[in-house]
Amino acid sequence: MNMKTALILLVLALATIFALVCVLLTRGRAPSTCQHQALEQEDTNDGQSLVFADLSPEEMVTVVRYLQGNLGVQLVDASRAKPSDNCIASLDVQIPAKAEVLRFLDGEGARPHREALAVLYFGNQPDPNITEYVVGPLPTPTYHQDVTVQKYGGKVPYYRRPVTSKEYVDINALIQRELGNAPHFLSACCESNGSDLAILTTAPRGFKSGDRATWFVLFQNVAGTGYYLSPVGLEVLVEHKDRDISRWQLHQVFYNGQYFASMWDLEDAFMADLLEVIRIKKPDAEAMLGSMRPRRPPGSPGPLQYEPQGARYSVRDNRVTFQGWSITFGMNPNSGPRLFDIRYRGKRIVYELSLQEAVALYGSNCPAGMSTRYLDGSFGIGRFAYELVRGLDCPYTATYVDRHYLVESETPKTNQNSLCIFEHDAALPLRRHFSDSQSLYYGGLRKNTLVIRAISTLINYDYIWDFMFHSSGAVEVRVHATGYISSSFLHGQGTDYGNRVGPHTLGTMHFHHIHYKVDLDVDGQLNSLETQDMGYELVKAPWSMHNTIERPYLRRERLETEDEAAFLLNTPMPRYLSFASPNPNKWGHPRSYRIQITSFPGEHLPTSSSMERSISWGRYQLAVTRRKEEEPASTSIYNQNDPWTPTVAFADFINNETITNEDLVAWITVGFLHIPHAEDVPNTVTVGNSVGFFLRPYNYFDEDSSVDSPDSVYFSSEQEAGVCEANPLACLAPVAACVPSLPPFCYSGFLNL
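According to full-length UniProt numbering, the sequence shown holds residues 1 to 753 in order.
Keep in mind that the hints were calculated from the coordinates and are not lab data. These numbers were taken from a predicted model, which means no experiment stands behind them. For glycine and all other residues, C-beta sits at the position ideal for the given N, C-alpha and C. Certain hints may be false.
To be verified - Label pairs and their calculated CB-CB ranges:
#1 E679 / P734: 43 to 51 Å
#2 K540 / D106: 53 to 61 Å
#3 S741 / Y441: 33 to 41 Å
#4 A287 / V707: 53 to 61 Å
#5 E725 / S437: 23 to 31 Å
To be verified - As a list, the in silico DSS-like pairs of lysine-lysine whose alpha-carbon atoms are at most 25 Å apart:
#6 K151 / K98
#7 K155 / K82
#8 K155 / K241
#9 K82 / K241
#10 K166 / K241
#11 K347 / K447
Please model the entire structure based on the sequences and the hints provided.
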């Protein structure tokens, strides 16, 4: 090797070493485009949002101990309490009065005392009843106040209490004993001895106040599948009113269109060959009608949503901030998601936005189906908001938040990751324009929204609750329904009440109606209700007087009373309806927020029905009332088991009071009629099964507030569109290389069942 060759090799070696050193020095360093961006909106809340915070597990334990030591009665853990016992049914935070909260939030008053609301069932008393106590101050309670009469105008009878899990366990044991009286029938009809059949409750439980007799439906039950689609045709009526469970009885039996006094009578009819038996073979899990097991192996992964430079929202305690928005969130164990103190650009728009109730009302020619009117709040919309599945229920990289509750137990429970928060790219322009005349340019803005989501499983149905916040200053509220349909055994003229969806399965018609409370404070607490709509007027054309033209014109009206502002379901309503401030915008119009409803509900229960008043909120697609502390909610968990004398009747809220320049509340009903069909098997899909409403700025601003969004795109024919400085879309290539390190997938949602 000559000197020249050696020198060349030496230079190459040094260059290689230098390159390797550079690689090693830069390894592990993300490029500058991958660094997390500092949030422009700093959180200056200083813990004020905690005035609305759900109870912590530590606070729940403290309240339980206080009640055990200060009520002077023996309390049995509700998870094992009999109807003849006293127990703590549930705890929740007691939200302070609005006036007190606003004085604190707006800097004029002290922080309100933190209190809990405790619901107790007193079964071990001569006069059994339900009592509600306010317990405080937290974290170290020193007092409790009975607020039952103050809230409801009288004592709450014991028979109105929701059915506890322990009560269901005892009912199921009774049914299993009774099934043993018809062994030959069960073997013939269902290839069963009864122990492997699933039992499903209905509600309400009778025909008059004081009744507690429930129809239960029996289904084939195969592990890992939805039994709701496999009724065997057998339904039983159980009387469980007495506080002594030994006195509970099975009162009636229904099978395939016939009624019997007992399981013995059913067995006798079978043995005497007087009964038409539909013999149903027990399927395996793969052939089960409601199986959701995958039928194909996994394919290539779909698109993944992630934030290449970190989340652009911030979550602190119970408050989230995002591009001018700040929202305080929580979860009522009964009624579900609730938001407070919703502000945009520092101004409060909504004081409270909360789910109130979800009703499912069924039709069938079987007794259980035809009598079912589920009021889901009494079962626990918030309590049954379980852990969300990362990457399916919410984006994989969403922020997941735990929720805590104490219901039917003396020990708090946690639904981990049961609320998610994420920014969503709708893959749709929020606004855009391509100019092809005069000047040539393109301007647009992506539709990115902040989403707060929870999903509740109420027996067979799953409700997806979404609260969305747009850069235009609009709030969108939406609910999707999925899960399993409820079904009846197909017999007789069953298709008058639904469609056949299986060999012996009738998908029963029903509706879902959902109720929300919206306490709007538009540019202050004092608002009025204004409507606008269109009409036509026939006028002579000013430039050609012998011709006429139909000219659209604007009809404006201010509604003065609650009666005027109560719009019945499925009747025409003004297309524009707004909460208006007395303060004008730059152009002289009242600063307002418009309520825009998207819904296709079923028919409300006739007002002649003995139980209609318990869901009388469903009469109205929208009702606006004056806000009152004594009208905090449109319903009660006690309405389910005594709908004939409802504890809270929303219709009483509407009493023709003036609503001009008052603190107002909008009560909104959305819903849809569902006639199940073949495509609802195995599951109802969310496509087409969503309803909701918008709260949209209407002359609230002087121009669209999204013009200040940092996500705007604009370039003209005179610019190079591919230059990053002129068009942020041109910067996506290096940013898209910033793939986040995804957390490992884990799920613990089955632990608290």
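Verification of the supplied hints:
1. E679 / P734: 43 to 51 Å: holds (44 Å)
2. K540 / D106: 53 to 61 Å: holds (55 Å)
3. S741 / Y441: 33 to 41 Å: Since the Cβ atoms of S741 and Y441 sit about 40 Å apart, the hinted range of 33 to 41 Å holds.
4. A287 / V707: 53 to 61 Å: At 58 Å between Cβs, range holds.
5. E725 / S437: 23 to 31 Å: Between E725 and S437, where Cβ atoms are some 27 Å apart, the hint holds.
6. K151 / K98: Holds: K151 and K98 sit about 16 Å apart, inside 25 Å.
7. K155 / K82: holds (21 Å)
8. K155 / K241: Status holds; Cα separation ~19 Å.
9. K82 / K241: Holds, because 12 Å separates the two Cα atoms, which is no more than 25 Å.
10. K166 / K241: Within the cut-off at roughly 14 Å; holds.
11. K347 / K447: holds (22 Å)
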